[in-house]
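Participant: Okay, here's what each chain looks like letter by letter:
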Amino acid sequence: MNRSSDAKSSSTGKTKRPESASRSLAKPLTALAVLVVAAGAVAMFLVKRNGPESSPVAASSNVAMPDKPVITTEGWSKGNPSAKTVLVEFGDFQCPSCAAARLKVDNVLKKFEKDLKVVFKQYPMQQIHRNAMMAAQAAEAAGKQFKFWEMYEVLFARQNEWVNVPDALTFFLKYAAELQLDVEKFRQDMLDGEIRNKIFRDLLEGQVAQVRSVPSFFLNGRMMQSVKNDAEFEELIAQAIRTAQ
Amino acid sequence: MRTTTWISVSIAALAFVGMVDASYVAIYASQGFLLPCGIAGGCDQVLNSPYARVLGIPVAWFGLAFYLTTAGCALFALSGFEQALRLSFPLVSLALGFTLYLFYLQARVIQAFCDYCLLSALLVTLIFVLHLWSRRHQGQPET
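Those protein sequence lines, which keep their order, are chains P and X. Start counting the first sequence at 1; every next residue gets the next number (the working numbering). Start counting the second sequence at 246; every next residue gets the next number (the working numbering).
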């Protein structure tokens, strides 16, 4: 049936046809769609305005990808601050491999204490780890009270306690109290935009450096790939230290 | 303007605000961040409590579905399907009951209030009142 003739007949005819019914349904459905899109847009605007400067995905699309990954050595560090060999880890507190990797890192750090600096950068994979972002915020908030590494240790060592709970914050507040932090300040700092921005900067840096999984290690700016075991990990670091000397 | 018309417009407008509120909380929750909280100051406690999810789904998503349905019914009522408003009344009543339960949880169990939840409670209450008004205007529906 021709559309114009249909319109004509429905406007002039006295009986309602199914087409006219669908047209009258189209109006509220269109209005609803407009309302949904507008509500989503306003919510996104508010999230962007009140939240971190930008989401990692959005931000990465605005950043020119360098030819070679550029890894800064800024971040939470331990070992020799002026060491020529720097091991950077992108880690996620909710990842079991990261918890295991910290023991490996501690071992190499003990062995090469004078020649190695270890830097930890936040890479919470929130799509698969629902409490990872909050854990990252907790570690950063503890860092504001000079206890980042203490919280780092607690979060990894007691990972099983908080990974699958809906109220992980309760656990983080408990850990803060156990570490003798000012719990109220800790709670406020967790909400701090500056902390969220710092985490997002780490995430962005990791994305630019092609981090695909956690933990990801970079030795003197180069990603350590296909490392078979702890012995090879240690050997690669030993080699880098020898080369630096 | 007919009473049903302005009631429907008001319900759609309130549902729109509700959609923004629920989407905002849902987006924040999906990013895993703690939500900045203004007046009430207890958003982190409320939204990270065990009561913030039902069957593993964040309550904000249920809120979003409710406001979406309510807005849809109001818009249908505006387009001449006036029974849509009446049909959504049981849902609005259920939402009010759930809102009262959430308010009780905030006041007595969690002992903290969340701005976004309070705003939603206000919106649901206003939508319920408008529904009552509309029913009163139309007369009691056939049972």
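It should be emphasised that the hints constitute simulated quantities derived from the structure, not laboratory data. There could be a bad hint or two in this list.
[Claimed, not checked] Chain P residues, not near chain X, derived (Cβ > 12 angstroms throughout): (1) L25; (2) L29; (3) T73; (4) G75; (5) K78; (6) R102; (7) L109; (8) K111; (9) Q127; (10) G143; (11) D167; (12) A231; (13) L236.
[Stated by the list, open to error] Simulated restraints on C-beta separations: (14) P:D192 <-> X:L377: 51 to 61 angstroms; (15) X:F334 <-> P:T72: 30 to 40 angstroms; (16) P:L179 <-> X:G301: 25 to 35 angstroms; (17) X:F334 <-> P:L46: 26 to 36 angstroms; (18) P:M223 <-> X:F334: 19 to 29 angstroms; (19) P:L179 <-> X:W378: 21 to 31 angstroms.
[Said to hold, decoys possible] Here are some of the chain X residues that sit facing chain P, going by a computed Cβ distance under 10 angstroms: (20) G342; (21) A352; (22) A366.
Only a predicted model underlies this, so the values are computations on that prediction, with no experimental measurement involved. Ideal placement from N, C-alpha and C gives every residue a C-beta, glycine not left out.
Participant: A closest beta-carbon separation below 10 angstroms is what the hint needs, so does A352 (chain X) meet it against chain P?
Facilitator: At 18 angstroms from the nearest chain P Cβ, A352 (chain X) fails the 10 angstroms test, so the hint is violated.
Participant: Minimum C-beta separation from L25 (chain P) to chain X exceeding 12 angstroms: can you confirm that?
Facilitator: Since the minimum Cβ distance to chain X is about 8 angstroms, L25 (chain P) lies within 12 angstroms and the statement is violated.
Participant: Is the nearest Cβ of chain X still more than 12 angstroms from the Cβ of Q127 (chain P)?
Facilitator: violated, 9 angstroms
Participant: Is 19 to 29 angstroms a correct range for the gap between the Cβ atoms of M223 (chain P) and F334 (chain X)?
Facilitator: Given about 60 angstroms between the Cβ atoms, the range is violated.
Participant: Is R102 (chain P) truly not at the interface, in the sense that its beta carbon sits beyond 12 angstroms from all beta carbons of chain X?
Facilitator: The assertion about R102 (chain P) holds, with a minimum of 21 angstroms to chain X.
Participant: Non-interface claim for L109 (chain P): all C-beta distances to chain X beyond 12 angstroms?
Facilitator: The claim holds: L109 (chain P) sits with its nearest Cβ about 29 angstroms from chain X, beyond 12 angstroms.
Participant: Quick check on the hint: G342 (chain X) CB to chain P CB, less than 10 angstroms?
Facilitator: violated, 23 angstroms
Participant: Using the beta carbons of L179 (chain P) and G301 (chain X), state whether their distance is inside 25 to 35 angstroms or not.
Facilitator: holds, 31 angstroms
Participant: Would G143 (chain P) pass as off the interface with chain X, using Cβ distances and a cut of 12 angstroms?
Facilitator: holds, 16 angstroms
Participant: Lying within 21 to 31 angstroms: is that true of the beta-carbon distance L179 (chain P) to W378 (chain X)?
Facilitator: violated, 55 angstroms
Participant: For D167 (chain P), is the shortest beta carbon distance to chain X beyond 12 angstroms?
Facilitator: violated, 5 angstroms
Participant: Can we trust that L236 (chain P) is non-interface, i.e. its beta-carbon lies farther than 12 angstroms from all of chain X?
Facilitator: holds, 33 angstroms
Of the hints listed earlier, those the structure fails to meet are numbers 1, 2, 9, 11, 14, 15, 18, 19, 20, 21 and 22, in rising order.
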